[in-house]
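Protein chains: 2
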Amino acid sequence: MLKTVIIGSGNVARHLAKAFCEAGLPPVGIYGRNEAAVKELATEVNVPFSTDELIDAELYLICTSDRAIAEVSTKIQNPRAVVAHTSGSLPTNILQGNYHKAAFYPLQTFSKDRILDYSEIPFFIEAEDPAVGEKLMKMASAISTRVSRADYDQRRHLHLAAVFACNFVNHLYAQAEKICELQQIPFEYLLPLIKETASKVENLLPKNAQTGPAVRNDRNVIEKHESLISDEMQLKMYRLLTESIYKTYEL
Amino acid sequence: MLKTVIIGSGNVARHLAKAFCEAGLPPVGIYGRNEAAVKELATEVNVPFSTDELIDAELYLICTSDRAIAEVSTKIQNPRAVVAHTSGSLPTNILQGNYHKAAFYPLQTFSKDRILDYSEIPFFIEAEDPAVGEKLMKMASAISTRVSRADYDQRRHLHLAAVFACNFVNHLYAQAEKICELQQIPFEYLLPLIKETASKVENLLPKNAQTGPAVRNDRNVIEKHESLISDEMQLKMYRLLTESIYKTYEL
Chain S
2 MLKTVIIGSG NVARHLAKAF CEAGLPPVGI YGRNEAAVKE LATEVNVPFS
52 TDELIDAELY LICTSDRAIA EVSTKIQNPR AVVAHTSGSL PTNILQGNYH
102 KAAFYPLQTF SKDRILDYSE IPFFIEAEDP AVGEKLMKMA SAISTRVSRA
152 DYDQRRHLHL AAVFACNFVN HLYAQAEKIC ELQQIPFEYL LPLIKETASK
202 VENLLPKNAQ TGPAVRNDRN VIEKHESLIS DEMQLKMYRL LTESIYKTYE
252 L
Chain F
2 MLKTVIIGSG NVARHLAKAF CEAGLPPVGI YGRNEAAVKE LATEVNVPFS
52 TDELIDAELY LICTSDRAIA EVSTKIQNPR AVVAHTSGSL PTNILQGNYH
102 KAAFYPLQTF SKDRILDYSE IPFFIEAEDP AVGEKLMKMA SAISTRVSRA
152 DYDQRRHLHL AAVFACNFVN HLYAQAEKIC ELQQIPFEYL LPLIKETASK
202 VENLLPKNAQ TGPAVRNDRN VIEKHESLIS DEMQLKMYRL LTESIYKTYE
252 L
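Here the protein sequences line up with chains S and F, keeping their order. Numbering-wise (our numbering), the first sequence opens with residue 2 and increments by one. Numbering-wise (our numbering), the second sequence opens with residue 2 and increments by one.
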C-alpha cells in the first residue's frame, strides 16, 4: 500500500482521511494552507500535518476545490510519486508536474459532520500508468467494495449525473421546505416520502417509478398547484419539471 | 372503530386496504368499476368486493383518482355514513351527497409492488363534524403513529410540497439515469449518493445541506456541465435549477 499525504482540509479531505484511518491505512500527513482547519482535521484523525513543506509520501491525494488543484499540484517535486486528484470535473492533466498523474474520484456528497459507510461509496480510478492504476485500485478497495476504473469522459458524466441526483434533488427538498414553512407545517412530515422516493429506485428504474399529477396528466391539479405558488422561481421550476415529465411520457 | 368500505382499486386503495388488514381492521368490502382490478385486490386481502351495489358500511374511503371522486361519491345514500376522500388537492365539499364529509390523506408515494411500513406514513385528517374527526383520527392511528389534523389549505400545500420532494425528485433521478445510460454506466452507482442525499435532510434542513458546483459558485464546472448536455429539456432544467441555487444563496 502507498504511504499517503492528503492535501486539503475540507469535507472530501476529512472523509477520505477518516476512511483511510478506518481501513487501517492512516495517511502519513495532511497538508493544507488553512492552518486552523488542517490542524483540526489532523488532530481529529491523529496524523501529522504541515502548512509549508510537504511531508514525503508515495501518494499525494489532492482533495482541495477544483480551483486550487493546479496550483497545489506544482508543489510536488518527486518524479516517483503518484499524484491523484479527487475531482469529477477535471482531467488528470490538470496536474502540473513531473510525476504519475491519476484521478481518485469518490461519488458521494460529503458534509462535515455526517457519519458515512465508506464501504458503500463508489470510487472511480484513472491513471496513465497501468501499474499506478493497479495500486490505486488496491488503495480504494481497502476503503470500499465498489471500486471501478473510469476515464475522464465517464467521470465527468458521473459528476453531471450526481448534480441531478444529489445537488438539484436537495434544492427541490428545499422548495418543499419553503412551502411547509409558509404553512407552518414541520418539514419532518415529508421525511417518510423522501425516504421512500429514494428507496424505490433501488428496485425500479426512475423512469418506471414516476408518480404524481404530471405523469397522470392531471391538468386540473397542476393548475391548482400553479395558483398556490407565490415564488416566481419556484413557479418556473414547477412548470419546467412538469413540462419535462409530459415530454418524457409523451403526454 | 368504523366498518369500512374502500372505493377504488389503484395503488392508494391497495395500500390502504393492506394497511387496515395489517392493523387488524380489515375493510368489510372493496368497491370499484374495474372488475378485474377490484377482484385481484379483494382476493389479495381476502375481503368481499362489488362492482355494482355498495356494501353497507360506516365509513366509505374513496381512493380513486381525483377525477372520479365527485361522481362515485353520489352513489352513497346513507346520511349517517362518513365519506372521506384521500386526495391532497380537493376540498371535502367535492363529495356530492348528504352524509358526513371528510378527508383522510396519506402523505406517501404508492407504487403497486412496494412493501411499505405503514406506521411511518403521515396521515392528515379533516372533518366537518368534530366527532367524525375523532373517529377518523382513531382509524388512522390504528395504522400509523403520525396522524394529524390538517385543513384543506394545509393539505393542498402538503401535496404541493410532496410534488417537489417526490415526483420532481424522481424525475431528476431519471435525468441522472439518462446521463448514465449514454455512457453505459450502471445507474446503481448513484444509489449510495441518492440514499445519503435523502438521509442528510433527516438531520439538516435542506437549505443547510446544499452541496455542489452551484452553491460553491463554481462557474467553470457549470460551463463544462452545460457543454456536456445534449438534451435540450435537460439543459433547461440544469440552467434553471442552477439559477435558483444562485438566487437562494445570493451568489
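These are computed hints drawn from the structure, not numbers from a lab. Treat the numbers as computed from the prediction; the structure is a model and nothing was measured. Treat each hint with caution, since some may be false.
[As the list claims (entries may be wrong)] The calculated DSSO-like cross-link candidates involving lysine-lysine, where the alpha carbons are at most 30 Å apart (straight line), are:
{"no.": "1", "chain 1": "S", "residue 1": "136", "chain 2": "S", "residue 2": "40"}
{"no.": "2", "chain 1": "F", "residue 1": "196", "chain 2": "F", "residue 2": "139"}
{"no.": "3", "chain 1": "F", "residue 1": "196", "chain 2": "S", "residue 2": "19"}
{"no.": "4", "chain 1": "F", "residue 1": "208", "chain 2": "S", "residue 2": "208"}
{"no.": "5", "chain 1": "F", "residue 1": "196", "chain 2": "S", "residue 2": "248"}
{"no.": "6", "chain 1": "F", "residue 1": "4", "chain 2": "S", "residue 2": "237"}
{"no.": "7", "chain 1": "S", "residue 1": "225", "chain 2": "S", "residue 2": "208"}
{"no.": "8", "chain 1": "F", "residue 1": "237", "chain 2": "F", "residue 2": "225"}
{"no.": "9", "chain 1": "S", "residue 1": "40", "chain 2": "F", "residue 2": "208"}
{"no.": "10", "chain 1": "F", "residue 1": "196", "chain 2": "S", "residue 2": "179"}
{"no.": "11", "chain 1": "F", "residue 1": "76", "chain 2": "S", "residue 2": "225"}
{"no.": "12", "chain 1": "S", "residue 1": "208", "chain 2": "F", "residue 2": "4"}
{"no.": "13", "chain 1": "F", "residue 1": "179", "chain 2": "F", "residue 2": "237"}
{"no.": "14", "chain 1": "S", "residue 1": "196", "chain 2": "F", "residue 2": "208"}
[To be verified] Among the chain S residues that face chain F by a calculated CB cut under 10 Å, a handful are:
{"no.": "15", "residue": "3"}
{"no.": "16", "residue": "22"}
{"no.": "17", "residue": "23"}
{"no.": "18", "residue": "24"}
{"no.": "19", "residue": "27"}
{"no.": "20", "residue": "111"}
{"no.": "21", "residue": "147"}
[Claimed, not checked] Derived DEER-like restraints, expressed as beta-carbon distance ranges:
{"no.": "22", "chain 1": "S", "residue 1": "244", "chain 2": "F", "residue 2": "231", "range": "13 to 21 Å"}
{"no.": "23", "chain 1": "S", "residue 1": "146", "chain 2": "F", "residue 2": "79", "range": "38 to 46 Å"}
{"no.": "24", "chain 1": "S", "residue 1": "203", "chain 2": "F", "residue 2": "22", "range": "20 to 28 Å"}
{"no.": "25", "chain 1": "S", "residue 1": "251", "chain 2": "F", "residue 2": "221", "range": "32 to 40 Å"}
Backbone N, C-alpha and C define an ideal beta-carbon position, used for all residues, glycine too.
Hint-by-hint comparison with the structure:
no. : hint                         : verdict
1   : S:136 with S:40              : holds (29 Å)
2   : F:196 with F:139             : violated (33 Å)
3   : F:196 with S:19              : holds (20 Å)
4   : F:208 with S:208             : holds (27 Å)
5   : F:196 with S:248             : holds (27 Å)
6   : F:4 with S:237               : violated (45 Å)
7   : S:225 with S:208             : holds (25 Å)
8   : F:237 with F:225             : holds (15 Å)
9   : S:40 with F:208              : holds (28 Å)
10  : F:196 with S:179             : holds (22 Å)
11  : F:76 with S:225              : holds (27 Å)
12  : S:208 with F:4               : violated (38 Å)
13  : F:179 with F:237             : holds (15 Å)
14  : S:196 with F:208             : holds (18 Å)
15  : 3                            : violated (25 Å)
16  : 22                           : violated (20 Å)
17  : 23                           : violated (16 Å)
18  : 24                           : violated (17 Å)
19  : 27                           : violated (24 Å)
20  : 111                          : holds (7 Å)
21  : 147                          : holds (7 Å)
22  : S:244 with F:231: 13 to 21 Å : holds (18 Å)
23  : S:146 with F:79: 38 to 46 Å  : violated (59 Å)
24  : S:203 with F:22: 20 to 28 Å  : holds (26 Å)
25  : S:251 with F:221: 32 to 40 Å : holds (36 Å)
The structure shown violates the earlier hints numbered 2, 6, 12, 15, 16, 17, 18, 19 and 23.
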